[in-house]
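Student: Letter by letter, the chains look like this.
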Amino acid sequence: MSAPITLRIAPALAVRTVAAWLVALLIFFPIAFMLLTSFKTELQAISVSTMWHFTPTLENYTLVQSRSDYLLYAKNSVITSVVSTLLGLLIAAPAAYSMAFFPSRRTKDILMWMLGTKMMPAVGALVPVYVLAQSSSLLDTRLGLIIVFTLSNLPLMVWMLYSHFKEIPPDILEACRMDGANLWDECRHVLLPLSLGGLASTGLLCLVLSWNEAFWSLNLTAAHAGTLAALIASYSSPEGLFWAKLSAASVMAIAPIVVFGWFSQKQLVQGLTFGAVK
Amino acid sequence: MKLKTSLALAFGLSTAFAVQATDLVVATVNNGHMIEMQKLTKHFEAANPDIHVKWVTLEEGVLRQRVTTDIATKGGQFDVMTIGMYETPIWGKKGWLNELKPDAAYDTDDILPAIRNGLSANGKLYAAPFYGESSMLMYRKDLAEKAGVKFAERPTWEQVRDAAAKMNDPANGVYGICLRGKPGWGDNMAFLTTMANAFGGQWFDMSWKPQLESKPWKDAVTFYVDMMKKYGPPGSSSNSFNEILALYNEGKCAMWVDATIAASFITDPKQSKVADKVDFAQAPSQVTDKGANWLWAWALAIPAGSKNSEAAQKFINWATSKDYIKLVAKEEGWGSVPTGTRKSTYLSREFRQAAKFGAAEQKAIFSANPNDSTLPKSPYVGVQFAAIPEFQAIGIAVGQQMSAALAGKTSVDEALKASQAAADREMRKAGYYK
Amino acid sequence: MRTSTDAAMVSAPGAPLGTTTAPVGSAPPQQGARVLRLVKPKAPKQPEQHAMHRPLARLLLAPAVGTLFLWMIVPLLMTIYFSFIRYNLMQPGEHGFAGLMNYEFFVTDPSFMTAVMNTLLLLGSVIAITVVVGIGVALLVNEPFPGRGIVRVLLISPFFVMPTVNALLWKHMMMNPIYGVLAQVSKFFGAQPIDWLTDYPLFSVIVMVAWQWLPFAVLIFITALQSMNREQLEAARMDGANAFQQFRFLVLPHLSRPIAVVVMIEMIFLLSVFAEIFTTTGGGPGDASTNIAFLIFKQALLNFDVGVASAGALFAVLLANVAAIFLIRMVGKNLER
Chain A
4 MSAPITLRIA PALAVRTVAA WLVALLIFFP IAFMLLTSFK TELQAISVST
54 MWHFTPTLEN YTLVQSRSDY LLYAKNSVIT SVVSTLLGLL IAAPAAYSMA
104 FFPSRRTKDI LMWMLGTKMM PAVGALVPVY VLAQSSSLLD TRLGLIIVFT
154 LSNLPLMVWM LYSHFKEIPP DILEACRMDG ANLWDECRHV LLPLSLGGLA
204 STGLLCLVLS WNEAFWSLNL TAAHAGTLAA LIASYSSPEG LFWAKLSAAS
254 VMAIAPIVVF GWFSQKQLVQ GLTFGAVK
Chain B
2 MKLKTSLALA FGLSTAFAVQ ATDLVVATVN NGHMIEMQKL TKHFEAANPD
52 IHVKWVTLEE GVLRQRVTTD IATKGGQFDV MTIGMYETPI WGKKGWLNEL
102 KPDAAYDTDD ILPAIRNGLS ANGKLYAAPF YGESSMLMYR KDLAEKAGVK
152 FAERPTWEQV RDAAAKMNDP ANGVYGICLR GKPGWGDNMA FLTTMANAFG
202 GQWFDMSWKP QLESKPWKDA VTFYVDMMKK YGPPGSSSNS FNEILALYNE
252 GKCAMWVDAT IAASFITDPK QSKVADKVDF AQAPSQVTDK GANWLWAWAL
302 AIPAGSKNSE AAQKFINWAT SKDYIKLVAK EEGWGSVPTG TRKSTYLSRE
352 FRQAAKFGAA EQKAIFSANP NDSTLPKSPY VGVQFAAIPE FQAIGIAVGQ
402 QMSAALAGKT SVDEALKASQ AAADREMRKA GYYK
Chain C
10 MRTSTDAAMV SAPGAPLGTT TAPVGSAPPQ QGARVLRLVK PKAPKQPEQH
60 AMHRPLARLL LAPAVGTLFL WMIVPLLMTI YFSFIRYNLM QPGEHGFAGL
110 MNYEFFVTDP SFMTAVMNTL LLLGSVIAIT VVVGIGVALL VNEPFPGRGI
160 VRVLLISPFF VMPTVNALLW KHMMMNPIYG VLAQVSKFFG AQPIDWLTDY
210 PLFSVIVMVA WQWLPFAVLI FITALQSMNR EQLEAARMDG ANAFQQFRFL
260 VLPHLSRPIA VVVMIEMIFL LSVFAEIFTT TGGGPGDAST NIAFLIFKQA
310 LLNFDVGVAS AGALFAVLLA NVAAIFLIRM VGKNLER
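Chains as they are written, first to last, in my numbering: chain A, 4 to 281; chain B, 2 to 435; chain C, 10 to 346.
Since the hints were derived computationally from the structure, they do not count as laboratory data. Check each hint, because a few of them may be wrong.
To be verified - Simulated crosslink set (BS3-like; lysine-lysine; CA at most 27 Å straight-line):
{"hint": "1", "chain 1": "C", "residue 1": "Lys-196", "chain 2": "B", "residue 2": "Lys-410"}
{"hint": "2", "chain 1": "B", "residue 1": "Lys-418", "chain 2": "C", "residue 2": "Lys-196"}
{"hint": "3", "chain 1": "B", "residue 1": "Lys-216", "chain 2": "C", "residue 2": "Lys-196"}
{"hint": "4", "chain 1": "B", "residue 1": "Lys-231", "chain 2": "C", "residue 2": "Lys-196"}
{"hint": "5", "chain 1": "A", "residue 1": "Lys-78", "chain 2": "B", "residue 2": "Lys-55"}
{"hint": "6", "chain 1": "B", "residue 1": "Lys-323", "chain 2": "B", "residue 2": "Lys-344"}
{"hint": "7", "chain 1": "B", "residue 1": "Lys-327", "chain 2": "B", "residue 2": "Lys-271"}
{"hint": "8", "chain 1": "C", "residue 1": "Lys-196", "chain 2": "B", "residue 2": "Lys-230"}
What the hints assert, rightly or not - Some but not every residue of chain C turned toward chain A, in silico, with C-beta under 10 Å:
{"hint": "9", "residue": "Leu-86"}
{"hint": "10", "residue": "Tyr-112"}
{"hint": "11", "residue": "Gly-145"}
{"hint": "12", "residue": "Val-146"}
{"hint": "13", "residue": "Arg-157"}
{"hint": "14", "residue": "Thr-288"}
Said to hold, decoys possible - Some chain B residues near chain A, calculated using beta-carbon distances under 8 Å:
{"hint": "15", "residue": "Asn-32"}
{"hint": "16", "residue": "Gly-33"}
{"hint": "17", "residue": "Arg-67"}
{"hint": "18", "residue": "Thr-70"}
{"hint": "19", "residue": "Gly-76"}
{"hint": "20", "residue": "Gln-272"}
{"hint": "21", "residue": "Ala-276"}
{"hint": "22", "residue": "Asn-372"}
Cβ coordinates follow ideal geometry from the N, Cα and C atoms, glycine included.
Here chain A stands alone, though its shape is the one from the complex (with noise of 0.2 Å):
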């Protein structure tokens, strides 16, 4: 086993620990902003006096409790973007394994096509799915979210499973299969923990996506199944003052997937580390 080898793109630690502070801090800072507007009042957060010094309050956050059902939206964002992630991931990773290690010469086509079913802007679909939606009694029912997430991240999956897949070396496949052992038991406590990493991320950027998806879950939704992003919708109030409430809602709509992240991205990382495992 080697030593700890750099990659020798910035000269010394030092310097690349302020840039990547630096960087991160940048693009953070809209989001800090957010944050600190959540604990003003509505006056504060449109004045420029009181941009830096104010007193903090809780009254946003409070009203956003009193005011909506957080719970259940957060209930309903939880459990259509996990199931529609993990079932995606059902799908999807078998077909990126069978492409990415069994190739064939349709293999590509196969990849461009499942793009090409995104190509077309949700907008324009609206009208045929909701009357889908309806004949089927899917209007706002999770069950009919979680089909339309799972659906509209599957080829994103397929491809970010397959491009991951093909990162590991078709000769650890062989290698256990020269060991004799049938293709799922060996393979699979040699192959998963070498895609967890991939998994993980995809898993994980699926899961912000749908979280986010705001077209169908506002259009296919009405009383019962609606998710965060309903939430956020019903604070942009047209006539009056929202912004410090809006970022207060915006804080909680994301508060659990940030810590879900901030859980994750260890996982995120493992990844595919050839030069250590040995």
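Chain A is fixed; fit chains B and C onto it per the hints.
Tutor: Quick look at chains B and C alone, frame taken from chain A:
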């Protein structure tokens, strides 16, 4: 054991025969008054234990899209829809809404005639108004005093421009006048239509031909662009109600012509720095005062073929009744009641005392008439819009051009030419004329 | 029977790195610390296993292909059908055949060419920004440093924000010329604040969308970089390759497939960007920030003309396919490596 079993049996039987609660799904806008209605729904549910109200609250544009898609495809997702004076005549004529027939106690005659007409088709009421608004001029009386400006009850646009010139002080962060500029049929075009009306213009002549290159429109838009360039805040071409409200509350606007509901926000010390420095006048006229101030009402309607129409009717009766207004007054004070719907509200002494802007608002609403809002006769209904389905797409296309003119990207003439072409295209396609 | 030692020494395209080779494929798993690597050329098909597992492979592929096919085909057929009839939600009952009228109407919109240009500009700029900056950022955080975990979470945070909130965030907090943060910063330096949304509407939208999609690219590149073979890099370094050469000949080829994935996926999403535009500029001033999705929206949800909207949607698919073919020429060949 026997007692337990019989108790259990009794309980089971009673729940089996218990009243089935109806779930009433109400779609509404996210305005202050609607939020208030949501808060007070518990009173309704207490009085009607078999009805459970569920809310879907959306932003105006999204709400409109959502309910229109649903009602046109007979989706049946909503039992009560909040719609405006734009949709009601159109949908009423198409038979998409149930006619509302409240009882005598509801006192339909108490509803302001202009609002009632705007929410009816063929003489039948299709939506019950929840709150109504017009537009008016809101100015800073402290700045006006300092500049020596006095306002007539309904000034002309020229007088307003002169006042803006005197009160304009960008060095100290005060702009003479703030007006909408963001593209949208309900954004900048709502305002610009009233301005064009005041200059003697109309959207369509009696043969439905768009009139956007007519002299009144040209004068109005040139005036608007010129005035805003000199005395308006930067970024106007993407400002709508909320953006200007923010500016006004911060004290950056000396004058503002916009929805009367703004008055309740800018006089609220909790969100406005200039709460006690505001005064009101009627929206400016120029050649005429017809159509100078707009008329809008958010109203509750029942889609035709709704499964819960009885419960829906009960809810609508409750939410738009005199008792409801009294309820809000009790809970939040007379200054926060939904206005613009009933004569009785304006007659109430408590209201007039609590809402300083009440008189100006009342005058504005009473003077607006969607059936007679232009100097030359028009074939359409509506003050700041034309109640035809094509108007939304036309409105945004023209709105985009107006916004470009305001931003200085095109000249006023070019913008009007492009607007006329866009309107003509849509009207032709819809078959109004060949 | 094939083993991993059946290899030939192959040099990577354009890699003048002395005796050791710059491997382009993957390294065999069983090696000691020796620097010399044998390179395996692209693995040709392995007939026996292929034949043995082909039906299984097909079976694995079937659910994905099947469900997607159904999901795609039904709305697609409906959309194609609607595009050829008169179908306006506001005029139910009038569903006569309209021939190419809907297409004609959509394409003769005065803003049509501008919308196409804006769509392509938006697409190209955001993809370029996210890929270039994304690779840079991923490289920056590839190696450990204090606080790397937090930095990573901060970097991917914009992706969690909902597009409408993102748009409002930028419109009010950052870009407003009077009370926005950017305006305050310019005033601090004594400059006149720029009216972003009025004067540079498309650019402002590009900034918003790029900010939102950067984490996506960063995440994919971070994961991809983790799978780089460290020993190859060490070998190259010991052979005297500097940082830039390492990047150009080792890292970049390794990233080619992730780049292709990022490009393709972003292309799909960016084509239908419209929440940001609608909330901030309303497509204006004029049609400076109108894109194809906005035109479709205008028809579908303002006019409720399903016929023209369907025609527009199919046109968007056509545009996307053209862009995809073009992009494939540039990066897609990496799909098969």
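Student: For every hint, state whether the structure bears it out.
Tutor: Okay, the hints, checked on the actual structure:
no., hint, verdict
1, C:Lys-196 - B:Lys-410, "holds, 25 Å"
2, B:Lys-418 - C:Lys-196, "violated, 38 Å"
3, B:Lys-216 - C:Lys-196, "violated, 42 Å"
4, B:Lys-231 - C:Lys-196, "holds, 21 Å"
5, A:Lys-78 - B:Lys-55, "holds, 17 Å"
6, B:Lys-323 - B:Lys-344, "holds, 10 Å"
7, B:Lys-327 - B:Lys-271, "holds, 23 Å"
8, C:Lys-196 - B:Lys-230, "holds, 21 Å"
9, Leu-86, "holds, 9 Å"
10, Tyr-112, "violated, 13 Å"
11, Gly-145, "holds, 8 Å"
12, Val-146, "holds, 6 Å"
13, Arg-157, "holds, 8 Å"
14, Thr-288, "holds, 8 Å"
15, Asn-32, "holds, 5 Å"
16, Gly-33, "holds, 5 Å"
17, Arg-67, "holds, 6 Å"
18, Thr-70, "holds, 6 Å"
19, Gly-76, "holds, 5 Å"
20, Gln-272, "holds, 5 Å"
21, Ala-276, "violated, 10 Å"
22, Asn-372, "violated, 25 Å"
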